[in-house]
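Chemist: So the chains spell out like this:
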Amino acid sequence: MVQILDTIGACKYTHGGRLHRALGDSEMAAKKAAKKAKDDLRVVLDNDGKVLKGATVPEISDDELLKIFDTLLMVRIVDDRMMRLQRQGQLGFYMKSLGEEASHLSVFPLRKSDWVLPSYREQGAWFWAGYTIDDFINQLFGNAEDPIKGRQMPVHHSANWLNYVSISSPVGTQIPQAVGVAMGMKIKGTDEVAMTFFGEGTSSTGEFHVAMTFAGVSKAPVVFVCRNNGWAISVPQAKQNAAESFAAKAVGYGMPGVRVDGNDVLAVIQVAREAVERARNGEGPTLIEAVTYRREGHSSSDDPSVYRAASEPEEWAEKDPIKRLRGYLKERGIYSEQLEAEISERHNAAITRAYERAQSLGAPDISTLFEDVYEEPPWHLEEQRNYLMEQERTRNPHHHN
Amino acid sequence: MVQILDTIGACKYTHGGRLHRALGDSEMAAKKAAKKAKDDLRVVLDNDGKVLKGATVPEISDDELLKIFDTLLMVRIVDDRMMRLQRQGQLGFYMKSLGEEASHLSVFPLRKSDWVLPSYREQGAWFWAGYTIDDFINQLFGNAEDPIKGRQMPVHHSANWLNYVSISSPVGTQIPQAVGVAMGMKIKGTDEVAMTFFGEGTSSTGEFHVAMTFAGVSKAPVVFVCRNNGWAISVPQAKQNAAESFAAKAVGYGMPGVRVDGNDVLAVIQVAREAVERARNGEGPTLIEAVTYRREGHSSSDDPSVYRAASEPEEWAEKDPIKRLRGYLKERGIYSEQLEAEISERHNAAITRAYERAQSLGAPDISTLFEDVYEEPPWHLEEQRNYLMEQERTRNPHHHN
Amino acid sequence: MTTMNIIQAVNNALHIEMERDSSVVVLGEDVGKFGGVFRATSGLYDAFGGDRVIDTPLAESGIIGAAIGMALYGLRPVPEIQFADFIFPAFDQIVNELAKFRYRSGGQYPCPVVIRTPYGGGIRGGHYHSQSPEALFVHTAGLKVVIPSNPRDAKGLLLACLRQKDPVLFMEPKRIYRASKGEVPEEDYEIPLGVANVVKEGSDCTAVAYGAMVPVVEEAAKKADAEGISVEVIDLRTLLPFDIETVVESVKKTGRAVVVHEAPKTCGYGAELASSIYERALEYLEAPIGRVTGFDIPFPFSLEHEYMPNADRTLGAIRKTLEW
Amino acid sequence: MTTMNIIQAVNNALHIEMERDSSVVVLGEDVGKFGGVFRATSGLYDAFGGDRVIDTPLAESGIIGAAIGMALYGLRPVPEIQFADFIFPAFDQIVNELAKFRYRSGGQYPCPVVIRTPYGGGIRGGHYHSQSPEALFVHTAGLKVVIPSNPRDAKGLLLACLRQKDPVLFMEPKRIYRASKGEVPEEDYEIPLGVANVVKEGSDCTAVAYGAMVPVVEEAAKKADAEGISVEVIDLRTLLPFDIETVVESVKKTGRAVVVHEAPKTCGYGAELASSIYERALEYLEAPIGRVTGFDIPFPFSLEHEYMPNADRTLGAIRKTLEW
Ligand SMILES: Cc1ncc(C[n+]2csc(CCOP(=O)(O)OP(=O)(O)O)c2C)c(N)n1
Ligand SMILES: Cc1ncc(C[n+]2csc(CCOP(=O)(O)OP(=O)(O)O)c2C)c(N)n1
Ligand SMILES: [Mg+2]
Ligand SMILES: [Mg+2]
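Chains as they are written, first to last, in my numbering: chain A, 167 to 567; chain B, 167 to 567; chain C, 31 to 354; chain D, 31 to 354.
Since the hints were made in silico from the structure, they are not lab data. Just so you know, not all the hints are guaranteed correct.
Restricting the straight-line Cα-Cα distance to at most 25 Å, the calculated cross-link-like pairs of lysine-lysine (DSS-like) are [as the list claims (entries may be wrong)]:
| id | chain 1 | residue 1 | chain 2 | residue 2 |
| --- | --- | --- | --- | --- |
| 1 | B | 352 | D | 63 |
| 2 | A | 352 | C | 195 |
| 3 | D | 282 | C | 350 |
| 4 | D | 350 | C | 282 |
| 5 | A | 354 | C | 195 |
| 6 | B | 352 | D | 195 |
| 7 | C | 63 | A | 352 |
| 8 | B | 354 | D | 195 |
| 9 | D | 63 | B | 354 |
| 10 | C | 63 | A | 354 |
| 11 | A | 352 | A | 278 |
| 12 | C | 253 | C | 230 |
| 13 | A | 278 | A | 354 |
What follows is a list of derived Cβ distance ranges for each label pair [to be verified]:
| id | chain 1 | residue 1 | chain 2 | residue 2 | range |
| --- | --- | --- | --- | --- | --- |
| 14 | B | 561 | C | 275 | 38 to 48 Å |
| 15 | D | 73 | A | 229 | 50 to 60 Å |
| 16 | D | 76 | A | 404 | 18 to 28 Å |
For each residue, glycine too, the CB sits at the ideal point set by N, CA and C.
Here chain A stands alone, though its shape is the one from the complex (with noise of 0.2 Å):
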């Protein structure tokens, strides 16, 4: 960042004057906005849990604070399970969020008509919505009763029941996506909101560019969460962004960038709840940068000890969002460890039992192939699909029951 900082600090302005001002000006506001954007962070919470001082704490029932606390550790029961089916050969694929559970809580001020188009790596939200143990595991076991029939890999749900939308594999598509979202939203004349969350990595394709410019000048009530883990894959996040932070961002759209700390499950819903709050009062979209960090690989085909030390996610621990969560209820006098300990058996006992059906289901039906590739199969779908049913059955070399 020092090298980024000189790049700015190095140009020169040597005019002044009236109308011809000194550029200097706007170069040096530029880079105090820029410096603040990155400074800036809104925090709530300290690492152990406690409220910082002269920080205001978001407004939250203690049951939303258990209920949050209940999906913060589903995430990290389920991660943990799900990744250890992984390495047992029993799932063919996984994606942890480990460390980075606080931000999916961006969902939390969100209405059920409201809209969420997810990246890979927000399983809380999911579940905060109610997306079910079952559904997860039947998805990403791609079985019969997988909500999505067996179409896409472990990770990539959909669930239009809670206006989830269907994952995607090429990061980014969700973003200007969500904006057609908040467009139809406006043109509908409705105070529904769309969410997209997508990772700092994501912020360098062109998507995020067309998507905040779309949304910048038509003024549509989306929400752009973006989950700075750190990483995208092997890449740190100083080769996707020379600018100050990703907040700054905004600042070229013409609408707010806010900083907010991604391990801090209070902050994250203060700031996510003022941008919902303007988009849903017709203010506009809102860019949110969660400083968070990815403590694990970036999928169960990742070896992260190639490209980082080992100390990196251990510092990162420290900050870790369920401790500081348990710390403040506790401060807050709602904890015990036997309410935990009930949380983890519950998720545990669920997951086992969502794990032991889904593992049991054959795949979908061979015929369901070909359908939802159209409204109605046209005359070459029905062709290959007697065709295929003609053949001998292949055996499924990955199945796994």
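Take the given structure of chain A and dock chains B, C and D with the ligands to it, following the hints.
Modeler: Chains B, C and D with the ligands only, in chain A's frame:
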């Protein structure tokens, strides 16, 4: 713009504290920076060509000044003559630069070994570099002496002997390419610079964003010149960008963004010089926004009366770049009407000569159709060429001679 | 009935459907007050306002991305891509997103976006205002591809597209945008997708084309007639799913076929059409199927007239099937 | 000779060429310290430094756009697209820019970029880690398309690509990235583009494939042998320009052909290959050419094994050409 300012202002942050700083601060700083970036506009000359009080005048010799004047005049004359040819049905298509000519002189500080990746509306940059009126008109006619063998529509020049890269119609594609050229310069360890031009509408493309991102991160020696001429065909700049300015976008990429009066050739040269120096010195990229105005239609196919008031271009005529430079030359005592008449006459005569020859030449030979697809035509192109040669010749319905 | 050209017919269909269905939204570059660079959306802005006729920023991936979002949300967006040559920045949104949304969501998220775009050569547009990229989209499972060749079809096919639930690429033959004029019913009507039109019956050779190549083939058929060769001319209208039955029936009757398109030959649509015919009617074929196409070169400027398939080249190919 | 798999062979070719030619530059996502998600660029960063082995921001259009700029400037960029499924954001840069630069500049600006990308199914990758978009690029005049099927070819073909001046899409069959092992000369050698490899001679039917389908066809040929059917197996190696002579010679000899690829059938590469064969050898053909391909659906996940062409389906198609 008022609307957009409101959007930003309307975001109210109520929290305070030490770590938990009110985001209002960075919001305000960002807003201030954005506003400054809009207000700050490098200007040297007033509308009559008088140097503004306090302005620093860039060092440009009298000879150079006269050559600049010559080039601007040439663009205007060529534009006028070519559009007349188009109206007479002699030319299929043309694009004028009326009022924007000064912005072309961004190339003034470049050396022979530097590279330019233009868009389609910088005739002056080509002429400045030495592209001849014969090359220019032969390209427009796509005739046997067209440097690109009649391969592209009018105004899509290419001159590898000048390091001016082949113009493309899909807007924005040249921007990441310019970054690639600059990355190449950096890899080879030269002190060369790449400059690229594009319109403000084109800043909405994904290409702009990925180029700026790559440039910011790589610190490649590239200068981005955004000609903000107010319109992208029928779409006004306010529908492309909700930020305070186009220069403000630089903040999101960690590079300086500079606004300059694009109708003041001295200011353009001053700003370009600084940016080129920075790039040459290894200090990285700069985004220049040259604020100007497209006083005529987008192209010979356009009719701006459908979408904008006639008063708008009239107002901008006040800021005419040639008028201002003429005033300055007078102030400096190196202008005479006779001189201008001589320049005009020379260009007009050269155009007439070039046009006469250009329209007397036929299209390139039919066999050239199959050249340059690959270094050597593979069998299928040989086959297709032989097939075509066997056919009866088709009349060229557009041939003008 | 009124006389309309293709642009007017498209415009008329959009008017009718926007009137009938308030969820129809038009978006794209210059489609608003200006009414589109070819004037296909002319008058819509005044009739339906800036909320439903949206001038977007200059970014095709944004246009299609936003259209997808609108469709997911329940609207019926009709994005315009100013020239088919400029569709490629949106290619990812089209082939990876639009085409796959219904499938990948297990049927949860249909995505009825109808993309309109003018395509094709013959207007002195050079590389980037002339391309015919239909084959790329036909190869993309999940899309339908429709190309009308005349005003009547343009209106009826577009209305049919707007009333079914699959994503469609609706490619408009800009070379004959104004030149193709004809009687068009003023009322609301649909021409079903997937049904070809036998433009002219014949017995010696089947010539299949679509879009701007239909009149070219008709001209060739007329010339052939003069030589005593009877050509059956089929206007495919829908490229995917295409009307294999009509085509194969015709070829079984004539025993010969040529396919004509402007796009480059290699891996062009003609390859598919020919292969499909061979597979179903090899024993009926008296000669190899002729492919009259553009060349495997970027679309040229000065020599465009030599590049474009014309009646003579088509006639030559027809003759060849008879002389083989 | 050493035993290598395809990844190692690709890596070896890159090492050799970067050593030999200082203008070769590798760029892409995760290609640096990490050595690429498939490890194809492993060790290059340490050997040649961050200036020539560049981890880029996450933007394919930027990767190809920058590569084009480098090539114009005189370097020899070798961008990696992490999966062929992610090439579409760069589609415009590839089809409108890279493919057309030499032509549109009248030969002034050759653009020798070699894009490497793993493609294909069979790895449980679902929609977006399995696609085979080769036909789209074969249809794009100005590009060459190369797909090796084994380590020896991978190295020799890649070295040949890096030493000619046209843009190439070099598609690597990731399903057999590691599974395909074989003896590879350690020294520098080239395998010429445009020349197919007759993997196995035969007399009853010609089976043409490329990439990961070559071993599938070989397996089918073995099974066919057991039934007394002699199959000639051709590995195309270069899809454009393809070795029409070898293919047509073979079909003239055998009188029958099947083409096999993973991509969807409609407008797939098989359509071109089949049409080209019919056009040149119709009178030799005893039966329609079989197309054994993926289905016209987005690439599936759970039922991938039913989607992928396999030896049995290939054998079925071969039998059909004999029984017709
Ligand atoms: C268009 C595209 N290019 C490349 C990839 C391969 N890829 C998958 S995830 C990823 C990194 C994404 O990083 P980031 O956006 O920071 O999200 P994170 O994984 O950190 O949550 C890459 C390069 C992809 N999925 N899509
Ligand atoms: C990718 C792409 N989309 C659309 C077009 C059609 N088009 C040509 S110029 C233009 C407007 C460009 O405006 P701007 O960038 O402001 O440049 P200006 O013409 O004002 O110089 C448009 C939409 C194009 N050439 N390329
Ligand atoms: Mg990340
Ligand atoms: Mg403009």
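Chemist: Hint by hint, note whether the structure agrees.
Modeler: Here is how each hint holds up against the structure:
no.	hint	verdict
1	352(B) - 63(D)	holds, 20 Å
2	352(A) - 195(C)	holds, 23 Å
3	282(D) - 350(C)	holds, 21 Å
4	350(D) - 282(C)	holds, 21 Å
5	354(A) - 195(C)	holds, 20 Å
6	352(B) - 195(D)	holds, 23 Å
7	63(C) - 352(A)	holds, 20 Å
8	354(B) - 195(D)	holds, 20 Å
9	63(D) - 354(B)	holds, 21 Å
10	63(C) - 354(A)	holds, 21 Å
11	352(A) - 278(A)	holds, 17 Å
12	253(C) - 230(C)	holds, 13 Å
13	278(A) - 354(A)	holds, 17 Å
14	561(B) - 275(C): 38 to 48 Å	holds, 39 Å
15	73(D) - 229(A): 50 to 60 Å	holds, 56 Å
16	76(D) - 404(A): 18 to 28 Å	holds, 20 Å
The structure shown violates none of the earlier numbered hints.
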